[in-house]
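Just so you know, the protein sequences line up as chains W and X, in that order.
Here UniProt numbering is used: the first residue of the first sequence is 1, the next is one more, and so on.
Here UniProt numbering is used: the first residue of the second sequence is 1, the next is one more, and so on.
For the record, the hints were derived by calculation from the structure and aren't laboratory data.
It is possible that part of the hints are untrue.
Simulated pairs of lysine-lysine, BS3-like, Cα-Cα distance not exceeding 30 angstroms [unchecked claim]:
{"hint": "1", "chain 1": "W", "residue 1": "K127", "chain 2": "W", "residue 2": "K242"}
{"hint": "2", "chain 1": "W", "residue 1": "K242", "chain 2": "X", "residue 2": "K5"}
{"hint": "3", "chain 1": "X", "residue 1": "K6", "chain 2": "W", "residue 2": "K127"}
{"hint": "4", "chain 1": "X", "residue 1": "K262", "chain 2": "W", "residue 2": "K242"}
{"hint": "5", "chain 1": "X", "residue 1": "K5", "chain 2": "X", "residue 2": "K162"}
{"hint": "6", "chain 1": "X", "residue 1": "K162", "chain 2": "W", "residue 2": "K127"}
{"hint": "7", "chain 1": "X", "residue 1": "K262", "chain 2": "X", "residue 2": "K181"}
{"hint": "8", "chain 1": "W", "residue 1": "K127", "chain 2": "X", "residue 2": "K262"}
{"hint": "9", "chain 1": "X", "residue 1": "K162", "chain 2": "X", "residue 2": "K181"}
{"hint": "10", "chain 1": "W", "residue 1": "K242", "chain 2": "X", "residue 2": "K6"}
Source: prediction; values computed, not measured.
Each chain, letter by letter, is given below.
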Amino acid sequence: MAQPATPIVSGKGGASAPPEAPSSPLEGTSALLRERTRAAWMFLAPTLVVMLVVAGWPLARTFWFSFTDANLTDMAASQFVGLDSIRQVLDDPDWWTTVWTTFRFAGVSVVLETVLGMIIALALNAKFGGRGLLRAAVLVPWAIPTVVSAKMWAWMFNDIYGVVNAVLLSLGLISEPMAWTAEPGLAFGAVVAVDVWKTTPFMTLLILAALQMLPGDVYEAARIDGAGPIRAFFQVTLPMLKGPLMVAIIFRILDALRVFDVFFVLTGGGTETMPMAGYARQRMFEYQEIGVGSAAASLLFAIIALFTAVYMVVGRVKLGD
Amino acid sequence: MRWVKKAAFALLLTVISIYTLFPFYWAIVSSLKTGSELFEVAPWPKEPAWGNYTAVFTAQPFGQNIFNSVLVATAVVVLSLVLGLTASFALARIQFRGRSTLLLTVLGVSMFPQIAVLSGMFELVRWLGFYNKLPSLILSNLILTLPFTVWVLTTFMRELPKDLEEAAIVDGATPWTIVTKVFLPLLGPAMATTGLLAFISAWNEFLFALTFSQSDSVRTVPVAIALFSGGSAFETPWGVIMAASVIVTVPLVVLVLIFQRKIISGLTAGAVKG
Chain W
1 MAQPATPIVS GKGGASAPPE APSSPLEGTS ALLRERTRAA WMFLAPTLVV
51 MLVVAGWPLA RTFWFSFTDA NLTDMAASQF VGLDSIRQVL DDPDWWTTVW
101 TTFRFAGVSV VLETVLGMII ALALNAKFGG RGLLRAAVLV PWAIPTVVSA
151 KMWAWMFNDI YGVVNAVLLS LGLISEPMAW TAEPGLAFGA VVAVDVWKTT
201 PFMTLLILAA LQMLPGDVYE AARIDGAGPI RAFFQVTLPM LKGPLMVAII
251 FRILDALRVF DVFFVLTGGG TETMPMAGYA RQRMFEYQEI GVGSAAASLL
301 FAIIALFTAV YMVVGRVKLG D
Chain X
1 MRWVKKAAFA LLLTVISIYT LFPFYWAIVS SLKTGSELFE VAPWPKEPAW
51 GNYTAVFTAQ PFGQNIFNSV LVATAVVVLS LVLGLTASFA LARIQFRGRS
101 TLLLTVLGVS MFPQIAVLSG MFELVRWLGF YNKLPSLILS NLILTLPFTV
151 WVLTTFMREL PKDLEEAAIV DGATPWTIVT KVFLPLLGPA MATTGLLAFI
201 SAWNEFLFAL TFSQSDSVRT VPVAIALFSG GSAFETPWGV IMAASVIVTV
251 PLVVLVLIFQ RKIISGLTAG AVKG
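Extracted from the complex, chain W is given alone in its bound form:
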């Protein structure tokens, strides 16, 4: 870790011109640059090794399993079967049911989260007493583990003793108790309700952060032009929020596509109410078909990779400064 103790001088200066001191030591001589580059790689090495072990290697193995008939009972005896496992997934109508469920889930919950998140963020952006407290309260659902929130809601959705049925009955909105988590159509709604409750705070926070960066004078101008609050929202606020909003939405879509916990806890695993990740896990560990399950997982990965690419482009991710 030797470091030149003498002041750094660039070597470009000719004989006539005095050697020019660099504007900043960070852009100093090539010796220093080499030293820093070497340090960079040494600093990165442990993280890179760990990432290779926990991400790169398992991912590569999953991809490999997709082309085998690997079975949980004897994984060593697996054989290369080409596209057979992938074809098994693609030929399975149950897989397509889970694809449809997952996409519907992602679509419906992200739309609801965005709308609700926007409303709550706009409310929290106004000045009122106890705003800090309410802002903290909004974070509570986000902090609760998904499994726990799913259990809390499963109890509220209980067909006989649940508070949801009790309230709806007393309001006269339903005439008899509904089996919220047992009937596929209702269960889908219940899962969406839990997810929306849990993740709206995340949306709210991102929108709120964006709202607070908006310049105030634009609103001044809009008011002078005679724009009401609703017109100001659609013509001033929304266009300016577009960037951060798109990033938040795609971020949430990626998250919703890999959903597993809420469905698992709330509906317990019937095909009609299962997401893609649930299907893959069921094939791997309940049916012990590691090969076919891995093929399903790889397909899901491909879909998410595609969306990540979209995220990079739409979010205009800036790397390097």
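Go by the hints and put chain X onto chain W.
Coordinates of chain X only, in the frame set by chain W:
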């Protein structure tokens, strides 16, 4: 007209508060009800009882489950912060070839669906002899927390003033000295925020914990709660489950209330700027 607006706004705030807090409130109420009272929809128990809270620890190794979760999450956070600190220094402050590619890779890994590594990770865990042991969860949870930690710390590290580093370089400080003596003290708050967020995600992790643990005593809190079973197959012990839910939620809620500002800055650094 003015007071109508004010009343409408107050109503909106009330609805938001009820929507946000009611499920949590209902869990608390239900956890204090025992016997047949649990099956009456009353806004508050007639006589709050703590029976469910003791039952959680006697019917299940729930104390052990909590200990497992604390151990796994703490180990994962410490490892992620130590690794993330040096990695983010390199990524944030040093110009070198391949840096953008690395940052993209880190971001890409944080977008991985866990299911895509599940079978490969399962094989690795079994090969290492970690199956049904806590190290399996420490290892696998790093895929959730490490890329995230590196990414967020890189964002924070970029914002530190250039002059400090330049002065240190002129004084002959090595990159290692700069990280540990100059930047680390300044990064305290950022490390705390990032660590807290990583802790929450490790604490909440479900898929790996469900797959890599078999016995009750190795389970973490989310798995224990998801698989809670009653005395018979037909009876779900809702009061006990709600008590368990409240026990694991209260510390998180307290942490969130204390650190809310920092959490918000950490979340937005991780998501919006990314």
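Verification of the supplied hints:
1. Of the pairs offered as hints, the one joining K127 (chain W) and K242 (chain W) holds, with about 23 angstroms between alpha carbons and a cut-off of 30 angstroms not exceeded.
2. Between K242 (chain W) and K5 (chain X) the CA atoms are separated by roughly 28 angstroms; this keeps the pair inside 30 angstroms, and the hint holds.
3. Taken as a hint, the K6 (chain X) and K127 (chain W) pair is honoured in the structure, with Cα atoms around 12 angstroms apart against an allowance of 30 angstroms.
4. This hinted pair checks out: K262 (chain X) and K242 (chain W) have alpha carbons roughly 25 angstroms apart, not beyond 30 angstroms.
5. Between K5 (chain X) and K162 (chain X) the alpha-carbon distance is near 49 angstroms, which puts this suggested pair outside the 30 angstroms criterion.
6. Between K162 (chain X) and K127 (chain W) the CA atoms are separated by roughly 37 angstroms; this puts the pair beyond 30 angstroms, and the hint is violated.
7. Proximity of K262 (chain X) to K181 (chain X) is assessed by CA-CA distance (about 23 angstroms); at most 30 angstroms being required, the pair is judged to hold.
8. Pair hint K127 (chain W) plus K262 (chain X) holds up; C-alpha atoms about 21 angstroms apart against a cutoff of 30 angstroms.
9. A threshold of 30 angstroms between alpha carbons decides the hint, and for K162 (chain X) with K181 (chain X) the separation of about 15 angstroms falls inside it, so the pair holds.
10. For the hint linking K242 (chain W) to K6 (chain X), the alpha-carbon distance of about 29 angstroms falls within 30 angstroms, and the restraint holds.
Violated hints for the displayed structure, listed by number in ascending order: 5 and 6.
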